[in-house]
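Starting from the given sequences, assemble the full structure and let the hints guide the process.
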Amino acid sequence: MNPFVHEGFFYADPDGYLAGTVPFLESALSAGQPALVAVPGPNLERIRDALGPAADRVRFADMTVAGRNPGRIIPWVLHAFLAEHPGTHPHIIGEPIWAERTPQEYAAAAQHEALINAAFAGRAATIRCPYDTGRLGLRALMEAEGTHPVLVRDGHRWTSPEYAPFDIVAAHNRPLPSPDGPVASACFDDAVALADLRGLAAEQARLAGLPQGRVAALQIAVTELATNSLVHGGGTGVLRLWPDRGGLSGEVADHGRLADPLAGRLPPADGAPGGRGLLIVNHLCDLVRIHTGPDATRIRFHFAT
Amino acid sequence: MAPTAAVDRLRLGDHVCWDFDDDDARLETIARFVEGGIRAHHRVLYLTETDLPARLRTALRDRGVPVDELLAVGQLDPAARIAALADYVAAARRDGYTGVRVVADMSGAAGAADAIERMAWFEANLNPVFTGGRVMAICLYDRRVFTAAELSRLGPAHPATARPQDDPATWAPLLRAVRLPEGSGLRLVGAADAANRYAVAALLGWLVGDAVRAGRAALLDLAGLQFADVAAAEAMVAAGRAVPAGLRLTGCRPEIGQLITLVGGAGMLDRTA
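Line order of the protein sequences matches chains E and P. Residues in the first sequence are numbered consecutively from 1, following the working numbering. Residues in the second sequence are numbered consecutively from 1, following the working numbering.
Everything labelled a hint here was simulated from the structure, so no lab data went into it. Heads up, a few of these hints could be off.
What the hints assert, rightly or not - Residues of chain P placed beyond 10 angstroms of chain E at every Cβ, according to the derived structure:
| hint | residue |
| --- | --- |
| 1 | Ala90 |
| 2 | Asp95 |
| 3 | Arg187 |
What the hints assert, rightly or not - Ranges between beta-carbon positions, derived for each pair:
| hint | chain 1 | residue 1 | chain 2 | residue 2 | range |
| --- | --- | --- | --- | --- | --- |
| 4 | E | Gly87 | P | Gly133 | 49 to 57 angstroms |
| 5 | P | Gly224 | E | Ala170 | 46 to 54 angstroms |
| 6 | E | Ala170 | P | Arg143 | 25 to 33 angstroms |
| 7 | P | Ala266 | E | Leu207 | 28 to 36 angstroms |
| 8 | E | Ala269 | P | Gly251 | 31 to 39 angstroms |
| 9 | E | Leu207 | P | Glu49 | 45 to 53 angstroms |
| 10 | E | Gly181 | P | Ala242 | 26 to 34 angstroms |
| 11 | E | Thr305 | P | Ser107 | 25 to 33 angstroms |
| 12 | P | Gly251 | E | Met142 | 50 to 58 angstroms |
| 13 | E | Gly52 | P | Ala242 | 46 to 54 angstroms |
Unchecked claim - If we take Cβ atoms under 7 angstroms as the criterion, some of the chain P residues that face chain E in the derived model are:
| hint | residue |
| --- | --- |
| 14 | Thr161 |
| 15 | Arg163 |
| 16 | Asp193 |
| 17 | Ala194 |
| 18 | Ala195 |
| 19 | Asp229 |
| 20 | Val230 |
| 21 | Glu255 |
Yeah, the Cβ is synthetic: ideal placement off N, Cα and C, and Gly gets one too.
Put into structure tokens, the structure is as follows:
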């Protein structure tokens, strides 16, 4: 039997929220298991207050920061916590979807929810994901039934008849909206061009007003994505950058196919070197979106100011 | 536009993959590189399958270089191959030269089934010799002879590559590596990415071997490293794990330090830097 449990938890109000999270955490603590709460700030404070002194034994992370980019949550929040606690059965409240998510963020977050199942199959852990039935749209609530094998509501717990996570991944693998202003672009077909791409990135980042530390992160992201195009994407690609929502968005497009939906979500097994480019891109960017097909892949990223 | 004029900016220690697709630009690049070497009192080694080609002799004479005298005294030294570059460099120093310049015409080396892998291995493992700062080389790769796929294997065996389309006014070597005077140490200046992947791997391999043989810690001075990609950061962390006495990274920029931390090398960072 798969020791990994992934529950979609529907709540309607603060009392319902606490009823579905606090006893879950308290029973984990009383069983001596590690507990993590990764939810948006206000809900985080609500849980912390309700737990009282027991909160000291729980790890907290503001999901609007740690999981601002949904692609960051599996590797850098969940996997990191599980790796820290081998031989245990961690209990995690993870809330990656909230009403203020933009449509592109939501699409990435729904894919993230779907991929959790494959990422941690066989690992002893229970993750419960709260969904606000009062504020989230119908699509988010329906898709939660597709991404979670088990559903929880008002104290009832049942197997989701709609569970089909890879359908949800595929449903959000859609052409990405075109940028609506001027775009800076550069084609590349060899590794020597990477330095030029970094130069273009720095120039566009300064125009967009990104702080210095984010410029360096952007250069790393651009280099990693373009390197992937050279190695896996048919050997050529195009970098595009444009100002977006007060920050900078960009994408690297090539003629490869990103076959593994978990690429960039888990560190390579055995600590083997290589294959960490997308993992780091997920860590550094504020949003990563992917559209991939048989002979074209477009990876889009956003850096907020 | 070929970056011919950029050869004037090369220094002892540089090892550059020089791609060309035009014979005039190639000749001009070699002549300029050789002439600069003669003026700096370097010994100039021209590695070629043929004798010093007639056109190059003419081009050098046109520049006022006394080719025959230099050949007679051995400052200009055409050869098919040499036994070991490090020994050649040491001998030139004993003979009173201030450095060695190498022009390596790689076209004759193409052909055999495993030629590319052998060349890439050979080129990468020459890099430690350059870190002593007494020899510089341009390795000439003809794009009409080598495929783009072959050059994508051969180029990264060098710390830097110059391509025909590069601008001579702005071209500079992507990376320079300098051996530190004491202990087992290396200073990296510039950038480390897929364009010099195998060169960086060979340099780190040399550093690890030197530290392990001497039974001491290794030191990587990164104060001049402006960019490292994820694989370069991983290579540094892997090198650190291979040295029992450890590897210390100094002068790291914050973003490179963050990258090294993210790939598991937090313990190697010198916090005082």
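Report task. Against the structure, test the hints numbered earlier, and report the numbers of the ones violated in rising order. Result -> Those not satisfied are hints 6, 10, 11.
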